[in-house]
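Make the full structure from the sequences, and use the hints.
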Amino acid sequence: NAGVTQTPKFRVLKTGQSMTLLCAQDMNHEYMYWYRQDPGMGLRLIHYSVGEGTTAKGEVPDGYNVSRLKKQNFLLGLESAAPSQTSVYFCASSYGQIGGYTFGSGTRLTVV
Amino acid sequence: GENVEQHPSTLSVQEGDSAVIKCTYSDSASNYFPWYKQELGKGPQLIIDIRSNVGEKKDQRIAVTLNKTAKHFSLHITETQPEDSAVYFCAASRLNRDDKIIFGKGTRLHILP
Chain P
1 NAGVTQTPKF RVLKTGQSMT LLCAQDMNHE YMYWYRQDPG MGLRLIHYSV
51 GEGTTAKGEV PDGYNVSRLK KQNFLLGLES AAPSQTSVYF CASSYGQIGG
101 YTFGSGTRLT VV
Chain E
1001 GENVEQHPST LSVQEGDSAV IKCTYSDSAS NYFPWYKQEL GKGPQLIIDI
1051 RSNVGEKKDQ RIAVTLNKTA KHFSLHITET QPEDSAVYFC AASRLNRDDK
1101 IIFGKGTRLH ILP
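Residue numbers (the numbering used here), protein chains in the order written: chain P, 1 to 112; chain E, 1001 to 1113.
Don't read these hints as lab results, they were simulated from the structure.
Glycine included, each C-beta is placed from N, C-alpha and C at the ideal position.
Any given hint could turn out to be false.
With beta-carbon atoms standing in for the labels, derived distance ranges [unchecked claim]:
no.: 1; chain 1: E; residue 1: THR1069; chain 2: P; residue 2: GLU79; range: 42 to 50 Å
no.: 2; chain 1: P; residue 1: THR110; chain 2: E; residue 2: LEU1040; range: 13 to 21 Å
no.: 3; chain 1: P; residue 1: GLN72; chain 2: E; residue 2: ARG1051; range: 26 to 34 Å
no.: 4; chain 1: P; residue 1: GLU52; chain 2: E; residue 2: GLY1016; range: 46 to 54 Å
no.: 5; chain 1: P; residue 1: TYR95; chain 2: E; residue 2: SER1009; range: 28 to 36 Å
no.: 6; chain 1: E; residue 1: THR1078; chain 2: P; residue 2: GLU52; range: 41 to 49 Å
no.: 7; chain 1: E; residue 1: PRO1082; chain 2: P; residue 2: LYS14; range: 35 to 43 Å
no.: 8; chain 1: E; residue 1: THR1078; chain 2: P; residue 2: GLY53; range: 43 to 51 Å
no.: 9; chain 1: P; residue 1: GLY53; chain 2: E; residue 2: LEU1112; range: 49 to 57 Å
no.: 10; chain 1: P; residue 1: ALA82; chain 2: E; residue 2: GLU1015; range: 39 to 47 Å
no.: 11; chain 1: E; residue 1: GLU1079; chain 2: P; residue 2: GLY77; range: 42 to 50 Å
no.: 12; chain 1: P; residue 1: MET27; chain 2: E; residue 2: PRO1082; range: 24 to 32 Å
Computed list of lysine-lysine pairs in DSSO-like fashion (alpha-carbon distance at most 27 Å, straight line) [said to hold, decoys possible]:
no.: 13; chain 1: E; residue 1: LYS1042; chain 2: E; residue 2: LYS1058
no.: 14; chain 1: P; residue 1: LYS57; chain 2: P; residue 2: LYS71
no.: 15; chain 1: P; residue 1: LYS70; chain 2: E; residue 2: LYS1042
no.: 16; chain 1: P; residue 1: LYS71; chain 2: E; residue 2: LYS1042
no.: 17; chain 1: E; residue 1: LYS1042; chain 2: P; residue 2: LYS14
What follows is the structure, encoded as structure tokens:
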């Protein structure tokens, strides 16, 4: 049982490039989330989804887009990367109204 | 919306001693309070949670207490061990709605030999 899997684990982008981060979960969770983690800032919610085909904005959505075409997958896209998007990105999933989140192991993204 | 404050940001404790991390929340309707542990290079992992109908919950060396009136909750780790060194996050949410979990900014716990 893999839980939440994030790919890639590391990536270096040049300013203006685009990329997609993939999150996959095998726990049949309805809810999925994308967070970014920066030093001293804790975990900040970028976007989230309460079910297949749905997405919603979190605390820091600007510069990111998401899609949830399949229940088990949640994609985070950066259309034109900026140095301010250098961060560690975490995906998480949950049953929603039942309890805690299961996190992936993170993607370390550097934008130069 | 909900706001969660966590203190201290850094905590150093001698091995074998106890560690306490405190959090306050602003939304009196919050009813679910999880704690997460993040080890270096890994994602946060749920270690214990408490719901608002309970004042205290214990799991081996870790315990969480909740004071709904004062809107604060705390994580207690007893007999600390080197493997307790990590970043700990508290969080709060309204579990009976589709509300998201709001996290504190984290506490880096160092266990000193």
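>> Is 28 to 36 Å respected by the C-beta to C-beta distance linking P/TYR95 and E/SER1009?
In response: holds (31 Å)
> Do the Cβ positions of E/THR1069 and P/GLU79 conform to the proposed distance bound of 42 to 50 Å?
Replying inline: holds (47 Å)
>> Is 39 to 47 Å respected by the C-beta to C-beta distance linking P/ALA82 and E/GLU1015?
In response: Holds: the Cβ-Cβ distance is about 43 Å, inside 39 to 47 Å.
> Holds or violated: 13 to 21 Å for the Cβ distance of P/THR110 and E/LEU1040?
Replying inline: Given about 18 Å between the Cβ atoms, the range holds.
> CB of P/GLN72 to CB of E/ARG1051, is that within 26 to 34 Å?
Replying inline: holds (28 Å)
>> I want to verify a distance hint. Is the separation of the beta carbons of P/GLY53 and E/LEU1112 within 49 to 57 Å?
In response: Since the Cβ atoms of P/GLY53 and E/LEU1112 sit about 50 Å apart, the hinted range of 49 to 57 Å holds.
> Between P/MET27 and E/PRO1082, does the C-beta distance stay in 24 to 32 Å?
Replying inline: Taking Cβ atoms as reference, P/MET27 and E/PRO1082 lie about 31 Å apart, which means the hint holds.
> So the hint says 35 to 43 Å: do the beta-carbon atoms of E/PRO1082 and P/LYS14 match that?
Replying inline: Because 40 Å falls inside the window, the suggested range holds.
> Given a hinted range of 42 to 50 Å, is it respected by the beta-carbon distance of E/GLU1079 and P/GLY77?
Replying inline: Given a distance of about 46 Å, which is inside 42 to 50 Å, the answer is holds.
> When you check the alpha-carbon spacing of E/LYS1042 and P/LYS14, does it fall within 27 Å?
Replying inline: holds (25 Å)
> If you check the beta carbons of E/THR1078 and P/GLU52, does the distance land in 41 to 49 Å?
Replying inline: Given about 43 Å between the Cβ atoms, the range holds.
> Given the proposed pairing of P/LYS70 with E/LYS1042, does the C-alpha separation stay at or below 27 Å?
Replying inline: holds (26 Å)
Every hint, counting from the list given before, is met by this structure.
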